[in-house]
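Q: Below are the chains, spelled out letter by letter.
Number of protein chains: 4
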Amino acid sequence: MGLRSPEEYKASLRDGRAVYYRGERVEDVTSHPHLGIAVDHAAIDYRVAEDPSYRELATVADQSDGLISRYYHIPRNADDLIKRSRLIETTTRLGHTLVILIKEIGTDALFALHLIAKQTDEKFGTAYFDRVRKFFEYCHANDLAVAVAQTDVKGDRSLGPTGQQHPDYYVHVVGETSEGIVVRGAKVHTSVSINSNEIIVLPTRNLTEQDRDYAVAFAVSPNTPGLKLIASPYAEGVVKSEFDYPISSRHKMIETLTVFDDVLVPWDRVFLRGEWQMAGPLAKTFVEFHRFTAISYKLPLVDLLLGSSELIADYNGTERASHIRDKITWLVSYAETLRALVKMAAIECKIADLDIAIPNTLTVNMAKWHFAKNYHQAMAYAQDIAGGLLVTAPGGDDLQSKEIGGYVRKYLGGRGDVDGEKRLRAMNLVKELTTTDFGGYQAVLAIHAEGSIEAEKMATLREHDATKFKAYAKEIAGIRD
Amino acid sequence: MGLRSPEEYKASLRDGRAVYYRGERVEDVTSHPHLGIAVDHAAIDYRVAEDPSYRELATVADQSDGLISRYYHIPRNADDLIKRSRLIETTTRLGHTLVILIKEIGTDALFALHLIAKQTDEKFGTAYFDRVRKFFEYCHANDLAVAVAQTDVKGDRSLGPTGQQHPDYYVHVVGETSEGIVVRGAKVHTSVSINSNEIIVLPTRNLTEQDRDYAVAFAVSPNTPGLKLIASPYAEGVVKSEFDYPISSRHKMIETLTVFDDVLVPWDRVFLRGEWQMAGPLAKTFVEFHRFTAISYKLPLVDLLLGSSELIADYNGTERASHIRDKITWLVSYAETLRALVKMAAIECKIADLDIAIPNTLTVNMAKWHFAKNYHQAMAYAQDIAGGLLVTAPGGDDLQSKEIGGYVRKYLGGRGDVDGEKRLRAMNLVKELTTTDFGGYQAVLAIHAEGSIEAEKMATLREHDATKFKAYAKEIAGIRD
Amino acid sequence: MGLRSPEEYKASLRDGRAVYYRGERVEDVTSHPHLGIAVDHAAIDYRVAEDPSYRELATVADQSDGLISRYYHIPRNADDLIKRSRLIETTTRLGHTLVILIKEIGTDALFALHLIAKQTDEKFGTAYFDRVRKFFEYCHANDLAVAVAQTDVKGDRSLGPTGQQHPDYYVHVVGETSEGIVVRGAKVHTSVSINSNEIIVLPTRNLTEQDRDYAVAFAVSPNTPGLKLIASPYAEGVVKSEFDYPISSRHKMIETLTVFDDVLVPWDRVFLRGEWQMAGPLAKTFVEFHRFTAISYKLPLVDLLLGSSELIADYNGTERASHIRDKITWLVSYAETLRALVKMAAIECKIADLDIAIPNTLTVNMAKWHFAKNYHQAMAYAQDIAGGLLVTAPGGDDLQSKEIGGYVRKYLGGRGDVDGEKRLRAMNLVKELTTTDFGGYQAVLAIHAEGSIEAEKMATLREHDATKFKAYAKEIAGIRD
Amino acid sequence: MGLRSPEEYKASLRDGRAVYYRGERVEDVTSHPHLGIAVDHAAIDYRVAEDPSYRELATVADQSDGLISRYYHIPRNADDLIKRSRLIETTTRLGHTLVILIKEIGTDALFALHLIAKQTDEKFGTAYFDRVRKFFEYCHANDLAVAVAQTDVKGDRSLGPTGQQHPDYYVHVVGETSEGIVVRGAKVHTSVSINSNEIIVLPTRNLTEQDRDYAVAFAVSPNTPGLKLIASPYAEGVVKSEFDYPISSRHKMIETLTVFDDVLVPWDRVFLRGEWQMAGPLAKTFVEFHRFTAISYKLPLVDLLLGSSELIADYNGTERASHIRDKITWLVSYAETLRALVKMAAIECKIADLDIAIPNTLTVNMAKWHFAKNYHQAMAYAQDIAGGLLVTAPGGDDLQSKEIGGYVRKYLGGRGDVDGEKRLRAMNLVKELTTTDFGGYQAVLAIHAEGSIEAEKMATLREHDATKFKAYAKEIAGIRD
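Residue numbers (this note's numbering), protein chains in the order written: chain C, 1 to 481; chain S, 1001 to 1481; chain G, 2001 to 2481; chain E, 3001 to 3481.
Derived from the structure by calculation, the hints contain no laboratory data.
Any given hint could be a false lead.
Claimed, not checked - In silico DSS-like pairs for lysine-lysine, Cα to Cα no more than 27 Å straight-line:
1) E:K3134 with E:K3083
2) S:K1284 with C:K373
3) G:K2083 with S:K1468
4) G:K2350 with G:K2123
5) C:K240 with E:K3474
6) E:K3284 with E:K3240
7) S:K1350 with S:K1240
8) S:K1083 with G:K2350
9) S:K1474 with G:K2123
10) G:K2083 with S:K1350
11) G:K2474 with S:K1240
12) S:K1284 with S:K1118
13) S:K1410 with G:K2474
14) G:K2284 with G:K2350
15) C:K373 with E:K3468
16) E:K3134 with E:K3240
17) E:K3410 with G:K2228
18) E:K3284 with C:K83
19) C:K240 with C:K83
20) G:K2373 with C:K373
21) E:K3474 with C:K410
The shape of chain C in the complex, shown without the other chains (with noise of 0.2 Å):
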């Protein structure tokens, strides 16, 4: 055991998974026109462990596994917290922007599923710590990738799981035999499931008493009878020209419906289980950790937003108008406020229980929706700096065609010596970024990914204490309670 490289992590994935796409099964994802680039992609995470550039960064010694991945050093402190980020947002420049996530998310839940457990067995005298160390030593000597399904399909969101018009629009129980649980329902938006080796099953939300059934959590191998992982076929008609689409012609991430048609789970499998006071905390604190997660793997996004939107005012002759420098600057303040908040919330970590260190957490959600609320401006700023042919040039076809290559080379030269290749190879940069699937894709993760505008809103005014503030303002104002 140990640290797996990138062909035995490739070679774990063919394992049987019921995996479809565009309403057909797929036999092997990692040959998969498709599917097989967000496998590649995917194996950065290992790669990285390999590359001696990265190998520091990317693992830590742990006393009884020898060499393991980062991602599952449960931190302590704030320094564990800065390296932790640095790996992210290392692994998604490599990504292109793109976050690898296969051991991130995983490690973010099981940070989580330690605290509630732990909190669960005290308060309810279940023994649900033990399952999640094991489970979380298991993952880690194996160097497995982890994906997470957290949210449920939710029908009519204005209701909870009982009021809804199927009893299955929220996971849930429906069956205990002496191996384990039976669960029917399904979940949404889960990112990684097709190229991963376990999936963790979260609740969403706060749950009544009433919703018990509802209040469950648990780990399942991708192959597991009754799973049914349908991948979205969003950004399927990429063509795969590096030169037209330099992102997403090798980085992709493919999101799931996950089905669960009556699923087995082994009892050891199980980490909640009816408990259903403590869905709302199990939810909320994987998403503490997951936000800081999120923050740190934007920061290679809002980089490049930054520097094509630089290098193709560079290109074009524009670097110096006022206007430009004035997006350029904002640009500049959206990244670099991006990436203090991020640090901060490291530096400001509160130690809780089993001392695991959680990021600040109002920091975290500050960041988020510093993030999230000013990414279309992001977006406009980039589109209007890098000008119209985002959408009206020619392509790579094009310029290597013998009859009119000529004219695009010479036409589509900017400043200086910059010719046409130089200047669209930079403007599809800004195109996949901004105009394409691809940044339709990241405009919506940035809105709803890790939880939405509205959540990190909640959650910024939650963790703030109001009492001292008010006091000031009776202080000031002469009143006395």
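Take the given structure of chain C and dock chains S, G and E to it, following the hints.
A: Chains S, G and E alone, transformed into the frame defined by chain C:
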């Protein structure tokens, strides 16, 4: 002569024009799998004239030519402008938010040419006006589709034509014969050129005396020797599923890099040649008309952003959530403020020379800026309202699959009896508008088409009479000059 | 009877009304050092009717009463609304951005009372309409100044009238005699009550059956026993220097806490009493008219924010700096979009019952929201353009000083021959608009007067017909119900 | 020597300095009704050193002078900067959001002078550093209050010193004697000059060779012959009621137009004289330190905007309304993002020459810009949350009145048992912060103090390393230079 049928229009496009797509020459644009969609879409401008529901709006009785397309009716007053605006809005609605443009833009240019040709003749003793008038009569008598090529490739955008690396970075006259002038250079962003009958070429900016050869305006047929239309492959990857891509599978507009490789233009089609003082006014006057076209055709787009957001909120069961109401209210105000300004621009028009009604330039530019500067926020709200399924949902093939279709239909249902199919249809509409290549196309058009955001700001300031406002300030401040 | 002179108006205010200012009873508001400014300001509404330059706009011929104030002319069509709007704008311009209000608000209430009294009579068999009509005739025949008291003090604003700590937190009927009703409670924000001839009292919100006694509307004279007008000392500290305070030294509006300490209201002045279903409609209908008044009187304010910014930029020598141009462009668009919406609200009015023209409610609310939500940004830009001297400059006394006046005149000069006095005069105008108590007053009015920002948003959404917009979405999405 | 008491500080200000207020010479600033408030306020910087609760933060042990003010401790590392920041924040909290400044700004200038004097000496063979060091020792040994005069009056702001109408629009050297230099001109915005012991004069911008005589830096005592301090009467009208004006009745800062009417400056107080190349660097280095001071002292202000908004929402009973929560969340994020950036600027400081720690300039400028560009929106939200009573409420005198006090107390009560007095106290706090002259003062300072918004933007862009960001873009785009 008189109105043409859609079929006649299509037939007219098979004339040997040199169109290129992804590096290959296209023999017949009407039957090409991608370009053909654009041709079908454009035919809407002909279909409305035949359709009894739209005929009254789409046509006018002309004294010499009988019933002609309303587009060719020179606006004489506010009411004419209101009707022209309504026609543009109506055809764009039929085009599912995508403007048709094959008569809109050409007539915008022709109205401007009338005004500027007359001024040029008066100032320089030339005889352009008569050429313009005849060409205009030829176009409306034959019910032609007319494109406009204005934006030069520009090279270093901080420099004018003469300071560039290549003299050809702006279209210019390189020779003259008894038959006409010979032009060289290239224009970008030429919309509907591959499927029009004429291309009007206009200068793109103010020029100086040394730029004399760049001061040129004319019309050419797309099949003129030396003219190359290099079509942009943008959005080529779209899969032709109406379910997944409800708009772009049926509606398309194509832009070209339009290369003039020593093209001979007959004298009777030359509308400016050397009078550099008129290049700026011509560019500006065209844009004055064209931005009014633009704000008219943006109405269905903002209406649909609003309507699809309301529909998906309804299906999601979130219509009454306070933050959803807040975002919808913003979208209502965004759309309806635009609508009010469009109408006011017509009502407060200026009757210019030749009895041509020019929409109020200040109002037009404010309207355009209002639309453009808020567009990305509108997209963000639509995405926020719709949810992450925009980019993670299964597709139409999944819904049709015997094996898994049932899961999709069941689990992606919304409030009440809204099943998965209905909800995905609504979701896919927001997806098209905000996350796919089509959404990206509309977003870039919002910022750059008909002049960039910065251009609209400059026009807004230029049209404003500061003296009047300063006078009020001086009066109150007690300042006497 | 007929039009009154300013002097007659002032004389009419010396009637024993119980006005309090800074804890003291004020015997004569017209001669009070602070309140008197408000009286002089209000007299503008009488002065314009005498001034030949404004008489045509300010008056109309009435069949029964000869020449009457245009304010008392019930609007019948778009043109009437446009003229009413222009009159309000004009008097506010004369009031140096401060609305006059003494006829504007009262007639807004009277128009609404006409409509609601008629509906109430039809629905409940009451006889309010005739009382309203007679009271209206009395007001216009005597050319009266009429205030409106609407906003109850409200106590806990999350509760309606009946759930409060005190039953008196909303004005209500506490008794009834043969002569009339007895009312108790208090209203806040009652503008111009100290200098009006009548006060119309309206309910402030929707009511429920249990709130029956709170459903009351009536009119009282300010000197009615039991009525106490407690004037706000806000902005009391302003020094009366026209140089330093070019606006507030000459223009003022006073609000009162208006206390009804068991006030008897004669039956012929009671316009609603118990018909709780009509309280909401009456409140809303008044506001529909009053917000149109509001957007009309905001025009001089936004014009002056723009004009004074342009003037000081000119004097500072920064008019051509790109960031200054950018901010001024924003201010132009802010002001002119408001102007366009005001006019469009009149043009697209609805002709209601009794042939009364109601300005387009959707447009009015969008206009108001546009004004309100951007107002503080407009202030920020004006301050940014003007510079720090706004709060650090010497004053008029310094300029007059023999010892140091020369320094001020010399050193605070601007571009060219703009000396310190001219520059300070321009500076002080921006100061008044944005940094003094007067600026704060306008800022709070922007947000709260005539309904808060949130109220405008709610009205905008309510007036919007979602069905139409959803239908377009369904059509394109291929959804059939 | 050593620390001075507040009384010693006040006594030191009675030295014959030429202070003018509203056109009159002020003999003793400490006893003047308006200026005296500013003196009392400033004394806080002395009081904290005596107060056991603050002494540890406010003082440090110095090897030569025993206990000295921490302000005079040159920062050597992040921790020193954090403590300096915390001290500035703490005294400003005691100053009820108004910075004290009499030691803060002077030491900012002195730190910068150390760095630039050394560089100048190295480059030009001058001997400024020793003078600076001695002057610094003199200041800290005597615990002096030190103002800084930087901004020249400037005349036409589009021109440098030599192109102006008057040569005196920037302070310059007009003569030289054996004793020192003679300077003429005027500075604006000189804070705390009337109540400091020394005034340090710095250049305000980059200069060219022809501006040599404008390249001058020095220190003078306020009572130096020829020096005139013309105090701004801004906010003079404030009534001294703690109830109505809880902040400005007790806290004030005074700016002067500071006129140098041929003032002789002894050689040992001249720190730059003719080395025009160093004017820009000196201006910039001062500002680098001073903006860190600024963002530190803005913290109590944004905290109080938040806290007072929360308090009044609580009293109004609206704390749980969704739109109120939304606005409060925004304020939380506004305040806490600023706090995070302030701390990060210290943590990521740069250790410069002479072992002086300079706060991270990029972060400082982003923090300042974040504060400044959002400040007016924060004011708007606070006003929105508080309600219209901000400008229409009765005052403290009304509450004290026997006749009407009861009405005010009763009718202006809020939720539960919050009576009118409590609610008005909370209301008056928001009023002070957002609607009175004091609120206007803070608003203008937000935009202009320590450099304008545009200056912060320029610094942000200048401190950003575009090359690094472009390189990442090129790597992904496949561009090789």
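Q: Each of the hints needs a verdict: does it hold here or not?
A: Here's how the hints hold up against the structure:
| no. | hint | in the structure |
| --- | --- | --- |
| 1 | E:K3134 with E:K3083 | 25 Å, holds |
| 2 | S:K1284 with C:K373 | 36 Å, violated |
| 3 | G:K2083 with S:K1468 | 21 Å, holds |
| 4 | G:K2350 with G:K2123 | 22 Å, holds |
| 5 | C:K240 with E:K3474 | 19 Å, holds |
| 6 | E:K3284 with E:K3240 | 39 Å, violated |
| 7 | S:K1350 with S:K1240 | 45 Å, violated |
| 8 | S:K1083 with G:K2350 | 22 Å, holds |
| 9 | S:K1474 with G:K2123 | 55 Å, violated |
| 10 | G:K2083 with S:K1350 | 22 Å, holds |
| 11 | G:K2474 with S:K1240 | 19 Å, holds |
| 12 | S:K1284 with S:K1118 | 15 Å, holds |
| 13 | S:K1410 with G:K2474 | 20 Å, holds |
| 14 | G:K2284 with G:K2350 | 15 Å, holds |
| 15 | C:K373 with E:K3468 | 26 Å, holds |
| 16 | E:K3134 with E:K3240 | 42 Å, violated |
| 17 | E:K3410 with G:K2228 | 14 Å, holds |
| 18 | E:K3284 with C:K83 | 35 Å, violated |
| 19 | C:K240 with C:K83 | 34 Å, violated |
| 20 | G:K2373 with C:K373 | 18 Å, holds |
| 21 | E:K3474 with C:K410 | 21 Å, holds |
Checked against the numbered hints above, the structure breaks hints 2, 6, 7, 9, 16, 18 and 19 and satisfies the rest.
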